[in-house]
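Asker: Sequence:
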Amino acid sequence: MSASAGGNAAESGAARPAYEPHPFIGGRTAALRALAAWRMRWPGAPRVIVLTGSPGSGRSRLVRGFLMLCEPDFRKRLPLDDMDPATVPPDLPAPAVPDPTLLTAAQVQWSIAEHFGLRATRARDIFPELAALEEPVTIVVPDVGLAGPVRAAGEPARLVRDVLTPLAAVETVQLLTSVPRELAAELAGTLPRGQVQIIDLDDPEWADPEGLVWHAANALDPGLGAPELPYTTDPDARRALARAMARRAGPSRLTVQLALQSLLMVPEGFDPADEEGLPADVGEALDLHARRLGADPGTLRLILAPLAFAEGRGLPVELLGTLSTAIAGRDMSQDIADGMLLAAPFIEPVEVAADEDADEGSDDGTGTGGSRTLLRLMHPGIAEEIRAGLPDVRAAQTEIAMALLEAVPEQNWAKADPYIRDHLAAHTLEAGLLPRLLTDPGLMAHADPVTLRAAVEAVPLEELEAPARTYLRTAPLFTRTQAPVQMRAALLETAFVEDGLGPYAEVLHTLGFDLPWRTLWSVPLAGVSAVTTGSLLQEGEEAGTRPVAALLVPEGTPGSRPSPGERGGPALLVHDLLRPGYVDADPEQVLRPSDEAREAAPFGFSRGADYLKVWARKSRQAVTALISDTPFTGVDLSPDGVLVIATERGVTARQILAPVPAADPTVPDRRTGTDDIGASTHPDSATGLEGDHS
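Using the working numbering, the first residue of the sequence shown is number 230, and each one after it goes up by one.
If you're looking for bench data, these hints aren't it; they were derived computationally from the structure.
If you're wondering where the values come from, they're calculated on a predicted model, not measured in any experiment.
Built from N, CA and C at the ideal position, the CB exists for glycine as well.
Certain hints may be false.
Said to hold, decoys possible - Think about it this way: if two alpha-carbon atoms lie no more than 16 Å apart in a straight line, the pair counts; the simulated EDC-like pairs of lysine to aspartate or glutamate are:
#, residue 1, residue 2
1, LYS847, GLU828
2, LYS847, GLU825
3, LYS847, ASP813
Claimed, not checked - Quick list of simulated restraints, FRET-style, between CB atoms:
#, residue 1, residue 2, range
4, GLY527, PRO888, 56 to 66 Å
5, GLU358, GLN640, 47 to 57 Å
6, LEU362, PRO890, 46 to 56 Å
Construct the entire structure; sequences and hints are all you get.
Answerer: Rendered as structure tokens:
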């Protein structure tokens, strides 16, 4: 007898069923049998299962219940001997379960690579390496609909297209994934018939109405925590009410759950004999609950509306009133003060450490110590219902965005609530206002780069202004290095100069950032293979020495001259060291700094292929470091602290601003540098342009 049949027998008062239902799921026998056959690679079972259904159909609960059966330690706590054997998979090592919640498709892909210890350094190499593993692998990707740090950016579709589709195509991968219905056919359609099965929990074959009755009856049982009421203490009344709830709600487990929470939290005014008082869908669950408490259903929806648009892990409780008022167009503070019991069945509070709520890369002092309360709706299906009931979603998001902007103290992003700083871009994206926001260098530096990058990438490139395009090309470096806010500001400052946006770079020097450098100039010069700093003797009215940088460039580069002793080979191009502009001068007149000047200089540097560290000579303490998205082709540091770096993109000069740490008398003085990041410290002597690494 199946678990569903067992639930039926229990509700009708018949003899004890042959099998106990799954204690967490309470049914779903047909689906569990299909999943167990998939797990044990039963002959004829598909290699890929795509689980789908409407919001609130119970996909997440089914996957969690099935994973309990797949996790060796958790299996020991389940009554496996009493359950239908066809629903219990064999005792095997637990599958890989990359949780995509709030992650980008790329993050999910790399989490898979990390789980299996792959050596891939490029995303495109991950799937071939999986295919090359000695043993087949089993992967479960739940809750695809929750993927992405920005709700409106379409990350679930990207995850299906860029990760799940190629993953499913690997013949040695056994895949189970839970996806929204609109993406299920797309994923399944990429595989040959027989290799894939779609399980739609709304279809009668999988819907399991008796399991829904079982779930409702258990929730109403005082022995399991329900309040003692006439229709919960009496077994017949309890079973009758559970059946009425399930019958009224159809296959929607979410609707039944909301009806239960409404009743159990606020039982006053409920008539179990009135089946019309039970909800048929999520919208009715909201409206009936409000009316039973003597409230306007519209007021309840307005209280919950900010949570329907909330990003990340939830909305700070302090912002609920502000955003409800913005959406409603009237003061909602009293409604919220009086309406928390009204909203309680639909809200889930989340306590998070303040540090956890702040961007992990932030070092601006926000979010340190203590904890804070975030609020979120208990299910995404509630959010969909509320958003669908608003007359204009874009207008609501516009009001939210404006209210969040006004809530930034003194318009200083360093003082902004972490939620506003990190998620304002997501709200402006759906409002169609994000391109206007992407002209603020302060926000670009302070905002969580994963979230802001996801939002910016969702905007067509032609709609972005130049500062946003600069951010877009720089953001991968932020996420790759997990750069803190000060370093993000410094990297952005250089990127703005590289892109000819000097005024935006200057703004970053006025916002209170302790930037380690000021970018003096940048030239988009290809083919530079080495750089050196020096000085040029000048005569006449400008007699004296002029600091310059000599660049080793391909022969024929406009403005260059043959390199001394390198006729027919590379050429030299002279550039002013302290300001933009080439210098028409004979490279033989460029003087290298003396050894004494080098030794007296405050800074030295160590370099790798794309990583560089500047340190104080006397104390040997690092004062700054940078990583490049393209390998270095030449580096030099002048005695007065101007760092010149060449990559395949061009050449950039930075004046080091970091203070020189005091010498530590316990540290021996070293005059020959060692590169603690494993990079070569040999000078670029093959070209005659020697970089000082000591």
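Asker: Evaluate each hint against the coordinates.
Answerer: Results for each hint:
no., hint, in the structure
1, LYS847 - GLU828, "10 Å, holds"
2, LYS847 - GLU825, "14 Å, holds"
3, LYS847 - ASP813, "37 Å, violated"
4, GLY527 - PRO888: 56 to 66 Å, "59 Å, holds"
5, GLU358 - GLN640: 47 to 57 Å, "48 Å, holds"
6, LEU362 - PRO890: 46 to 56 Å, "49 Å, holds"
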